[in-house]
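Chains as they are written, first to last, in the working numbering: chain G, 1 to 388; chain W, 389 to 668.
Keep in mind that the hints were calculated from the coordinates and are not lab data.
No experiment lies behind these values; they were computed from the predicted model shown.
It is possible that part of the hints are untrue.
[Unchecked claim] Pairwise CB distance ranges, derived in the manner of DEER restraints:
| # | chain 1 | residue 1 | chain 2 | residue 2 | range |
| --- | --- | --- | --- | --- | --- |
| 1 | W | L451 | G | K208 | 30 to 38 Å |
| 2 | G | D138 | W | P423 | 28 to 36 Å |
| 3 | W | I530 | G | P58 | 41 to 49 Å |
[Stated by the list, open to error] No farther apart than 35 Å at their CA atoms in a straight line, the calculated lysine-lysine pairs in the DSBU-like style are these:
| # | chain 1 | residue 1 | chain 2 | residue 2 |
| --- | --- | --- | --- | --- |
| 4 | G | K162 | G | K102 |
| 5 | G | K162 | W | K520 |
| 6 | W | K580 | G | K223 |
| 7 | G | K227 | G | K208 |
| 8 | G | K208 | G | K102 |
| 9 | G | K184 | W | K520 |
| 10 | G | K134 | G | K108 |
| 11 | W | K511 | G | K275 |
| 12 | G | K373 | G | K217 |
| 13 | G | K227 | W | K396 |
| 14 | G | K102 | G | K130 |
| 15 | W | K511 | G | K184 |
| 16 | W | K511 | G | K227 |
| 17 | G | K162 | W | K580 |
[To be verified] A few chain W positions that, by computed beta-carbon distances, are all more than 12 Å from chain G:
| # | residue |
| --- | --- |
| 18 | L391 |
| 19 | A567 |
| 20 | P619 |
| 21 | L636 |
Heads up, the beta-carbon is just placed ideally off N, CA and C, and yes, glycines get one too.
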Amino acid sequence: MANSSKISRRNFMQQSALWAAAFAGAGSVLPGQAFAAREKELNILCWEGYNSAQVLDPFRTSKGATVKAESLTNDPTMINRLRAGETNVWDLINVNNPWARKVMHPEKLIKPLDRGRFEPFFGSMMPEFKAPYKWAMDEAGAELLGMAQRFGPYSYVVNTDKISRAAAEDQGWNLWNDPANAGKYGILESDDWNVFNICLIAGFDPFKVHSDDEVAKFTETAKRVFKGAKVVGDIATMNQSLIAGEIDFHMTGGTYSASPARADGHPEIRGITPKSGPMAGGKGGVAWIEITSTVNNPELSPLAADFLEYVQAPDIAHTVAFAEGTFNPVAQMGNPDCFKLFTAEQLDAIQWDSLAEEMGRCAEYDIVPDYDKLLDIMSAAKREASAG
Amino acid sequence: MRLSQGGKSAIPVVLFLIVGFAAPLLAVIWFSFMPPRSFSFGGAPTLENYATIFQGTNYISFLWSLSLAVTAVALLALVCYPVAYGLVRVFGKWAMLLTLLFTIPLFVSENIRLYGWVLFLIKNGVLLGTLKSMFGLQLESILFSLPAIILGMVYVYLPFMLFPMTLGISMVPNETRDAAFDLGASRWQVFKEVELPLSMPGVVIGFLLTFVLAIGAIAEAKVLGGQRVIPITHDIEIAFTYSQNWPLGAALSVLLMLVVGVLVLLALRRFDLDTFLGRR
Chain G
1 MANSSKISRR
11 NFMQQSALWA
21 AAFAGAGSVL
31 PGQAFAAREK
41 ELNILCWEGY
51 NSAQVLDPFR
61 TSKGATVKAE
71 SLTNDPTMIN
81 RLRAGETNVW
91 DLINVNNPWA
101 RKVMHPEKLI
111 KPLDRGRFEP
121 FFGSMMPEFK
131 APYKWAMDEA
141 GAELLGMAQR
151 FGPYSYVVNT
161 DKISRAAAED
171 QGWNLWNDPA
181 NAGKYGILES
191 DDWNVFNICL
201 IAGFDPFKVH
211 SDDEVAKFTE
221 TAKRVFKGAK
231 VVGDIATMNQ
241 SLIAGEIDFH
251 MTGGTYSASP
261 ARADGHPEIR
271 GITPKSGPMA
281 GGKGGVAWIE
291 ITSTVNNPEL
301 SPLAADFLEY
311 VQAPDIAHTV
321 AFAEGTFNPV
331 AQMGNPDCFK
341 LFTAEQLDAI
351 QWDSLAEEMG
361 RCAEYDIVPD
371 YDKLLDIMSA
381 AKREASAG
Chain W
389 MRLSQGGKSA
399 IPVVLFLIVG
409 FAAPLLAVIW
419 FSFMPPRSFS
429 FGGAPTLENY
439 ATIFQGTNYI
449 SFLWSLSLAV
459 TAVALLALVC
469 YPVAYGLVRV
479 FGKWAMLLTL
489 LFTIPLFVSE
499 NIRLYGWVLF
509 LIKNGVLLGT
519 LKSMFGLQLE
529 SILFSLPAII
539 LGMVYVYLPF
549 MLFPMTLGIS
559 MVPNETRDAA
569 FDLGASRWQV
579 FKEVELPLSM
589 PGVVIGFLLT
599 FVLAIGAIAE
609 AKVLGGQRVI
619 PITHDIEIAF
629 TYSQNWPLGA
639 ALSVLLMLVV
649 GVLVLLALRR
659 FDLDTFLGRR
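Construct all of the structure, not just a fragment, from the sequences and the given hints.
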């Protein structure tokens, strides 16, 4: 039993990674060669898009490197994989804004970047990203923790043939409080964001510790909202249901989720940011900004920093914005050389016409201190709604 | 104690089974006793995860999974037995080959096939759109409902019921059937007294196979059901992803394994395959 306490998932993952690397190395090198050096290897843990061939292939070719990218669709899972010992597997991690400065840096899961090399890139980004950009810096404002690229408002999406943009913006989160709307809406399977939204529908700021009264209101709201949902599903299901007329609107959503439908010839599918809400400054929308950081890998690949530099180039930033999956604005659109690569159709797909206005109405994605409790309540509400 | 030659030869297989089969299962079982939301095997063992499950509403998901699996198996039996019977009686020895054709859809990902059904069933989709444009009929879609989930499960698991059933029915010797007719049995008596009992090994294997697969189903409820129903597998997925409560997910998995294991053992006690196959 003395040994059993030393066996941890951390060790297990490390050993697995080593064995996997050994097998991969053995399969790819010629007899007599040593293990593949990390100079030619890069592993990226990211949201979809960065793992696409359009983004990775030119880098692979130019560096003659083996680049592996795994895409996940929620931040907590990615961060917990680093916590569980995969810091020696990954070189880059691409997650939403608060995690680098508030969690990953304090927990030593990521390494700061060379400010001299990377800070100048912020100069050509859109004005709100000028250095020192808050979410790219540590809490003390001394270390550069990552690079910004994709971002967008993310509240809800409507079919404007059914509900006008103006009405949806004015009514805001009360769309979900109107009993007449039961059965007319969907819910995107994005449970961390749905926790934010249930708070907003219940009428309070998600990004703070909640009182017992607020938790009770959250519970009641979660039950009602899930009971009234016609469908809970992924982005494809939401867009298909909106287009087919199964639903009139859905949460969570925004440019990120509506853009594939808009690019496919459905401009009536539109991400909406409410005009007002219960957050500081009367804001009702929430926006995300991705920050890509170098992992605190003891053998960090030098290609990690090279890749971060590579995606800043105007043509590659444009490719990242329109990589497969979802289409999003990128901070590099502040550079005229990058902006001119976007066609009118592409700008329409990402709702460029209202982007600045919508971002102005958004609070930035933050960590919910009592997320675990609220998520458990919401999961139970979803389960109970399924009981009829 | 010295190992026999056979025992020594089995060592690699035994080691493989321990590492590849028993070890992951034991890891899941051990992890279910770790403190909630921990990521290490080294915590102080606790029953907290099981307490959370028994005090919470996870029973709803367990009941959904069981009901969906039982319903799917019953419908599959009703659909597949006549088809298998017809295949064997009409095509004789070619029946098994023809049954293989039913497995062709398995080469396409389950999710893609289910999304195909979404396009077929969705409002203004292939079915309702055609009925509307050709006959002016405006019907409500069954998508994102319980019937859609059951339809998806019957569709996905059909080959797993049909194949063993066809095998079971093809094991019934024609001579036995002819003898029963010669002795004056009616068509119903031949089916009830001869064909059904002799084809039971295939039927039971089909039942067990589809039940075990169906109770672990998740995609049908998600894609066709629009999560109007939350099966236990969905609860497990949420625990391992958004909740990042791996010990709770492990405890739910252990309970699911126990429920399935007990039900399968009970079924095997009731329908002893060796007896059916005439080995004792």
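These are the hints, each one checked on the structure:
1. Distance hint check for W:L451 and G:K208: the Cβ-Cβ separation is about 37 Å, which falls inside the suggested range of 30 to 38 Å.
2. Range check, G:D138 to W:P423: Cβ separation about 30 Å, and the 28 to 36 Å hint holds.
3. Between W:I530 and G:P58 the CB atoms are about 47 Å apart, so this pair conforms to the stated range of 41 to 49 Å.
4. Annotation: proposed proximity of G:K162 to G:K102 is violated, straight-line Cα distance about 41 Å (limit 35 Å).
5. Only pairs whose Cα atoms come within 35 Å are accepted, and G:K162 paired with W:K520 is accepted, the gap being roughly 20 Å.
6. A hinted pair counts as satisfied when its Cα atoms are at most 35 Å apart, and W:K580 with G:K223 does not qualify at roughly 50 Å.
7. Taking the CA atoms of G:K227 and G:K208, the gap is about 26 Å. The hint holds against a cut of 35 Å.
8. A C-alpha spacing of about 14 Å is found between G:K208 and G:K102, which places the hinted pair at or below 35 Å, so the restraint holds.
9. For the hint pairing G:K184 with W:K520, the CA-to-CA distance comes to about 21 Å; that is within 35 Å, so the pair holds.
10. Pair hint G:K134 plus G:K108 holds up; C-alpha atoms about 19 Å apart against a cutoff of 35 Å.
11. Of the supplied pair hints, the one linking W:K511 and G:K275 holds, its CA atoms being roughly 32 Å apart against a limit of 35 Å.
12. With a C-alpha separation of about 13 Å, the suggested pair G:K373 and G:K217 falls inside the 35 Å cut-off, and the hint holds.
13. With a C-alpha separation of about 60 Å, the suggested pair G:K227 and W:K396 falls outside the 35 Å cut-off, and the hint is violated.
14. Between G:K102 and G:K130, the direct Cα distance comes to roughly 20 Å. Compliance with the 35 Å bound is thereby established for this hinted pair.
15. Simply put, W:K511 and G:K184 have alpha-carbon atoms about 13 Å apart, close enough for the 35 Å limit, and the pair holds.
16. Between W:K511 and G:K227 the CA atoms are separated by roughly 21 Å; this keeps the pair inside 35 Å, and the hint holds.
17. Using a Cα cut-off of 35 Å, the hinted pair G:K162 and W:K580 is violated, with the two alpha carbons roughly 58 Å apart.
18. Its beta-carbon lying about 26 Å from the closest one in chain G, W:L391 satisfies the requirement of being farther than 12 Å from that chain.
19. No Cβ of chain G comes within 12 Å of the Cβ of W:A567; the nearest lies about 53 Å off, and the non-interface call holds.
20. The claim that W:P619 lies off the interface is violated: its Cβ sits roughly 9 Å from the closest Cβ of chain G, which falls inside the 12 Å cut-off.
21. Not every beta carbon of chain G lies more than 12 Å from that of W:L636, the smallest distance being close to 9 Å; the non-interface claim is violated.
In summary, the numbered hints that this structure violates are 4, 6, 13, 17, 20, 21.
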